[in-house]
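Since each chain sits alone in its own frame, please combine them into the complex, following the hints.
If you want the building blocks of each chain, they are given just below.
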Amino acid sequence: MNAEWRWDFAIEILPQMLLATLNTILAAGIGYAIAAIVGLLFLLGQRTPIKIVNIINREIVEFIRSTPLLIQLFFVYFVLPQFGITLSAWVCGMITIGLHFGTYLSEVYRGALEGVPKTQWEACRALNFSTFYTYRKIVLPQAFPIAIPGMGNYLVGIFKDTPLLSTIGVAELFHAATAVGGYHYRYLEPYTIVGIIFLMLSIPAAIWIRKIEKNVNLAQGKIKKEQL
Amino acid sequence: MSYFAFLTEHGPTMLLGTVTTIKVLICATILYVIISLIFGLMRLSKNPIIQGTATVYIEFFRGTSLLVQLFWFYYVLPFFGLTLEAFTAGVVAIGMNFGAYGAEIVRGGVLAVPKGQWEGAFALNFTPAKRMRKIIIPQIFPIILPPAANLTVELLKATALVALVTVVDLTFEAKQINSITWLSAQCFGTALLIYYIISRFFLVPFLRWLEVLAARKVGKEVK
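These protein sequence lines map, in sequence, to chains A and B. Heads up: the first sequence begins at 51 in the working numbering, then just goes up one per residue. Heads up: the second sequence begins at 962 in the working numbering, then just goes up one per residue.
Pulled out of the complex, with its shape left as it was, chain B reads as follows (with noise of 0.2 Å):
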């Protein structure tokens, strides 16, 4: 079978899946945003309790794979009466680890701003909510975007795991289509090229185009 005949039989099927896979990277990556905001800020709080949960929660998050967090969601929230969907578990599961992670970029984003920013609020008689909403948040972006566009692309390359779970994307297909095939090298091929064209050349300029214009926000130039 040639490989042109491959796609056309089965390409169909696989972008079907990859449309899944973009819909799991878009969730997660909203959920991870959300998180990473919340608990980075909490991370840096001075009320002990608060402080406390929030580095709980990211080193658990940090220390234990993915899959076995995956696998957690999935298979043991049940025993609790928590049934979720493999598509919600999959999203949530890989929302609340990279959320983890991003926790920590936000955190350093915040300890990044210069001092003389926070003085400045501070010597304008600013309350301390207004001063990060008006001052400290707005320039963060440029610092974290970098680093969390990294770990977006990771995002998306976990976004695979999903698979095992069962929810029907990009890999769970390309498996699929591969144990009635056993056209291993087209079906895992073209899964690989995928995931490589995702990331090359939509999500990566996509990620880039947002450093450029969270750092014009704030009066600076990319390279």
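Bound conformation, chain A alone (with noise of 0.2 Å):
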């Protein structure tokens, strides 16, 4: 095998990898959402004042952060069929990766709540608020800022996992990859087009992330113009 990198190889597969990063992004979207959603529930589970459910809760959450994510997705993709679910590879990914991160941001939006005062409960409650208006109008605008540097990351790590999703066939970027090389017998090119793409996506990101954080910080008053 040369080591020679091609250029005309890599130009003519370039198309073929930009198409399938669409779909990646779309991946690490849909992922994110239903993780955002599913990290509510668990949040929701962790909050209840029934103590059985708590304990339940935690336990799953702690199954759940404890194992791969590449066997959650072929317990998932695998197991379901047998009891006479077949859902699409697309729909198994998804799931999983919601439920996955959905455990990790959990955590986040509770740590972001307790990092709220509790002051700020206690005013609240001087002033006779319901707790539906102390969390709309105090609680949660002041929880946000301190969500968002942990959402950013798992936004970035959802994104950076969803070439697992290749291992169950989803046509993402890696996958797209694998396919060019084993077809063209030349892994060289595809596998470092998928690092640069990946490179080049998640590094804006994260500075965006910053920049948003500094900016809610700004907003809420945290730091000052001077600070920066």
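Among the clues, some could well be false.
Derived lysine to aspartate or glutamate pairs resembling EDC-like cross-links, with alpha carbons at most 20 Å apart [as the list claims (entries may be wrong)]:
1. Lys187(A) - Glu164(A)
2. Lys1118(B) - Glu109(A)
3. Lys1118(B) - Glu157(A)
4. Lys1091(B) - Glu1080(B)
5. Lys984(B) - Glu1115(B)
6. Lys1007(B) - Glu1065(B)
7. Lys1007(B) - Glu1020(B)
8. Lys168(A) - Glu157(A)
9. Lys984(B) - Glu1046(B)
10. Lys101(A) - Glu164(A)
11. Lys1118(B) - Glu112(A)
12. Lys261(A) - Glu1020(B)
Non-contacting residues of chain B with respect to chain A, defined by C-beta distances greater than 10 Å in every case (computed) [claimed, not checked]:
13. Ile987
14. Lys1007
15. Ile1011
16. Leu1027
17. Glu1046
18. Gln1078
19. Phe1102
20. Thr1120
21. Ala1176
None of these hints come from the bench; they were simulated from the model. Using N, Cα and C, we set each Cβ at its ideal position, and we do this for glycine too.
Structural data, given as structure tokens:
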């Protein structure tokens, strides 16, 4: 095998790879949306005043968090048909990613809610605000900036875990690279292009998240303009 | 086929795979700890070349997916005449990837050492190397161990990926058994359970014990 980088080959496969990148972004977006909602459900389970719900919730979260996403993917993809539920690879992948990262996001939400000082709650109580009003007007606006860095990190995290979806046959970027590489028996260009595309998407995303974090903190008056 | 019969027939194979998984876990952990310490300290260097090298390394490995790096090490490096065995490629890819994350933890830990300690070492006329070795580094461990413990649990989960470059680990065995028997619930369920048991009853208590040990060394008490 020769180690030469072939530009003609790289350019030939580039359109195909860019097209598959759209699938990757779509998968990350849908997965994140599901994870954000699942995270809220886990948070709800954690904050209900019923003890048994809390315990079950914590065990489920603990179990999902300490087992590999890859096997969870296989589990959902191969086991559900045994019970007569046949879902496409896309749906399975999205469900699994949503569940897996939902557990992480619930921790982010929890940390953010606990980061709001207790005196804020007490003040609302003193002013006779309803619980709903307290959440909407006082607690959530303050919890949100605390949650942003964590939420942003997991968006990038989901994006970087989408290549796992290729193992159950979702046609995303990595899947396309493997297919092209296998067809031409040249893996150098496809896998390198995949790496470059990932870098080009995830580094700007990280910078963008840092910027939003700063803006939100500015708007909240947590830091002053001179500190930037 | 009952679950018990499944376990007696395929259990030993899965346990063999588990041994490989633990081997990958240990090797990759050693590698990532060394890399994090080196690059974390390099990142704090005042020399722009050293600092730049560390920054590029960290951004590169954190910016791309572990799976892509793994495949790159296994399938692309042979193009450059460097053929790695699957096990080595897996350990190196995981170690280097997590080393990048660990380096950021080390950097944060060094910066979190109270300023008085730096000034004290300076006042006693320690050389920079001695100051680092004798004063600062021993104190970073209680700070970095809690986040490093989380990272190590993530690493255990990441070892499942080496199955995709043909390392015969727990995930690989589970997949093999699944393709022979099609008892998916049993074999993937067992694999999930084994990972859970390793993490919950072995890895996490061990890391917790290290945390207590490190805190005691600098005279702190862990709740």
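To see whether the hints hold, each was checked on the structure:
1. Lys187(A) - Glu164(A): holds (16 Å)
2. Lys1118(B) - Glu109(A): holds (17 Å)
3. Lys1118(B) - Glu157(A): The hint holds at about 18 Å.
4. Lys1091(B) - Glu1080(B): holds (14 Å)
5. Lys984(B) - Glu1115(B): holds (16 Å)
6. Lys1007(B) - Glu1065(B): holds (16 Å)
7. Lys1007(B) - Glu1020(B): Satisfied, since the Cα-Cα distance of roughly 18 Å is no more than 20 Å.
8. Lys168(A) - Glu157(A): Holds, because 19 Å separates the two Cα atoms, which is no more than 20 Å.
9. Lys984(B) - Glu1046(B): holds (15 Å)
10. Lys101(A) - Glu164(A): Holds. Lys101(A) to Glu164(A) sits at ~19 Å (cutoff 20 Å).
11. Lys1118(B) - Glu112(A): Roughly 13 Å separates the two Cα atoms, so the pair holds.
12. Lys261(A) - Glu1020(B): Measuring from Cα to Cα gives roughly 17 Å; hence the hint holds.
13. Ile987: holds (17 Å)
14. Lys1007: holds (24 Å)
15. Ile1011: holds (21 Å)
16. Leu1027: With a cut-off of 10 Å, Leu1027(B) comes too close to chain A, as the shortest Cβ separation is near 7 Å.
17. Glu1046: The claim holds: Glu1046(B) sits with its nearest Cβ about 17 Å from chain A, beyond 10 Å.
18. Gln1078: holds (25 Å)
19. Phe1102: The claim stands: Phe1102(B) keeps its Cβ more than 10 Å from every Cβ of chain A (closest is about 24 Å).
20. Thr1120: Contrary to the label, Thr1120(B) does not stay out of reach of chain A, its closest Cβ about 8 Å off (not over 10 Å).
21. Ala1176: Since the minimum Cβ distance to chain A is about 22 Å, Ala1176(B) lies beyond 10 Å and the statement holds.
Hints 16, 20 from the earlier list are contradicted by this structure; the remaining hints agree with it.
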